[in-house]
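Enquirer: Using the sequences and the accompanying hints, generate a full structural model.
Using this note's numbering, the first residue of the sequence shown is number 6, and each one after it goes up by one.
Everything labelled a hint here was simulated from the structure, so no lab data went into it. Every value quoted in this text rests on a predicted model; they were computed, and no experiment measured them. One thing to keep in mind: the hints can contain errors.
[Claimed, not checked] Here are the in silico distance ranges between beta carbons for each label pair:
1. 280 <-> 345: 26 to 36 Å
2. 199 <-> 155: 12 to 22 Å
3. 330 <-> 288: 18 to 28 Å
4. 63 <-> 400: 50 to 60 Å
5. 472 <-> 172: 21 to 31 Å
Where a beta carbon is used, it is the ideal one built from N, C-alpha and C, also for glycine.
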Amino acid sequence: MTGSLHGDESAAPGLGTAELRGLRNIRRFGATGTLLMAIGALGAGAQPVLQNPVQGLRLLGLPSRIPGAALTLTMCGTVMVVLAWLLLGRLAIGTVRDGVRHRLGRRQLDRTLLLWIVPLAVAPPMFSKDVYSYLAQSEIAARGLDPYAIGPAQALGVDHVLTRTVPNIWRETPAPYGPSFLWMGEGITWLTGENIIAGILLHRVLALAGVALIVWALPRLARRCGVAPVTALWLGAANPLLLFHLVAGIHNEALMIGLMLAGMELALRAIESTGPIRGRTLWLLVGGAALVALSATIKIPSLLALGFVGMALARRWGGTWRDVLRAALALAGVVVVVLVGVSLASGLGFGWLGTLGTASAVRSWMSIPTLLGVATGAVGVLLGLGDHTTAVLSLTRPIAAVVAAVVTLRMLLATLFGRVHAVGALGLSLGAVVLLFPVVQPWYLLWAVIPLAAWATAPAFRVPAVAFSSIVSVILMPNGGEYPPFVIVQAAIATVFTVGLLIVATRSTLPWRVDPPGRDGAAGESTTDPDVPGVTTTGSGRRGAHDRGLR
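Expert: Right under this line is the structure:
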């Protein structure tokens with residue numbers, strides 16, 4: 006029952022004196038972790054094959070000459086950031102003292118998030134080499150060639166400076182991204198030419214812009230759903246998956262999710278307003294829909310958000326099937342204008358619609374249908390029946406697509422009938438799409454986790470989301486590839502030993518233990534943060550109807 010995932014959260018006073026001291030220590034612990042990651046990435050990150058700026062330098066080049074130590078340094082930093090995030094979660098969800106729940110304020114979380122982001126924003130790429138594909142595909146488009154027809158190897162040549170760092174699996178494949186992203190990439194290519202480092206920095210600026218949109222939109226959507234904005238920001242924006250893969254990894258999901266959430270907030274602001282939808286309110290609705298459509302020209306799955314905006318609009322108009330058709334036609338007009346406009350204005354055309362399945366060449370263990378197909382094929386080999394993995398995948402993947410479509414349809418109807426808020430329904434649908442997608446990368450989980458952070462409050466969601474985010478964040482190699490097993494084992498042992506010593510050393514300064522209520526020396530002596538936002542019911546005031554259990 007989806008209704009059991011949501012419950013309104015009340016406003017809470019600020020942290021007590023002892024809790025504020027703990028917050029400062031948590032902030033420093035996490036910042037130290039990101040700093041270690043940035044230093045270790047000089048040797049263990051996803052460095053370019055050519056134009057490596059630290060190669061040959063005495064000090065900055067040292068991590069690259071001792072890869073085992075660099076990997077250990079990065080892994081220690083990764084674990085420290087995850088632990089700091091978990092400790093911060095107690096203060097974001099709220100600690101109970103003398104029967105009153107205390108929660109950190111918005112400014113306190115913003116300062117913490119900024120401090121953790123800065124070292125990663127200037128570090129070499131980590132956990133993925135996709136940014137090098139972005140650079141190569143943008144160069145193809147800048148030359149007037151079609152990046153949706155040929156890959157970097159054919160268009161630029163295998164010895165080109167940009168092709169050399171593209172992972173082998175993507176050198177022959179066309180671009181799977183929408184025209185607006187490659188259009189922005191063309192601009193970066195015009196500014197930087199074949200300078201890889203400058204191109205990386207500008208692509209990271211785009212990623213940071215996407216993160217800024219997420220930080221802007223997420224607390225506003227949380228208030229709309231009756232959820233504490235700080236809690237939503239902790240689980241969504243401060244999530245290690247976002248820090249490691251959208252900031253350090255420079256994935257275009259940052260811009261996609263940011264535009265999607267910002268557009269949804271603007272559209273819902275118009276739909277849930279009390280006045281008629283005209284004038285400024287109408288422009289909010291159209292502008293919000295246009296932002297969502299623009300996000301789809303980066304990656305197409307975000308277009309799903311407009312379905313839930315449309316159902317919320319139809320519900321406002323009366324909730325009849327005629328209202329659904331009116332809303333669908335109105336939003337479809339916006340989508341057509343944006344998609345056609347961007348495709349033509351960029352000069353890239355509509356070839357991107359034919360390359361959306363390019364990533365399916367990868368067999369990802371995080372994808373349920375792919376995991377079932379690969380596991381079944383492996384069992385067949387063990388039993389001497391032959392390898393039928395491809396045949397099984399041809400069955401599991403279409404079945405998974407049908408299941409995802411059914412879940413999405415159910416959520417659309419739940420939004421129309423007022424059982425689930427549009428934000429929560431979007432998160433649940435994207436969750437089904439991600440888990441049942443043929444290919445699932447770790448950062449794809451953010452498609453669902455971030456919108457659900459603004460709606461789902463139950464432990465049934467938060468506990469698995471936190472656990473999975475933590476585990477996935479620490480098991481991936483920072484160079485976007487693989488190290489020899491013995492190097493990984495050595496680094497892992499050193500990491501466990503080092504982090505264990507750090508926990509012992511900080512046992513009196515960090516809140517590793519959960520004290521029972523009333524044991525805090527500052528209980529009853531709370532220091533209220535002026536930016537603790539009260540959770541208020543905004544818009545139509547129908548949230549209770551939105552989130553009735555769906556049976």
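Enquirer: For every hint, state whether the structure bears it out.
Expert: Hint by hint, here is what the structure shows:
1. 280 <-> 345: 26 to 36 Å: 32 Å, holds
2. 199 <-> 155: 12 to 22 Å: 18 Å, holds
3. 330 <-> 288: 18 to 28 Å: Holds - the Cβ-Cβ distance for residue 330 and residue 288, about 23 Å, lies within 18 to 28 Å.
4. 63 <-> 400: 50 to 60 Å: About 57 Å separates the Cβ atoms of residue 63 and residue 400, which means 50 to 60 Å holds.
5. 472 <-> 172: 21 to 31 Å: About 29 Å separates the Cβ atoms of residue 472 and residue 172, which means 21 to 31 Å holds.
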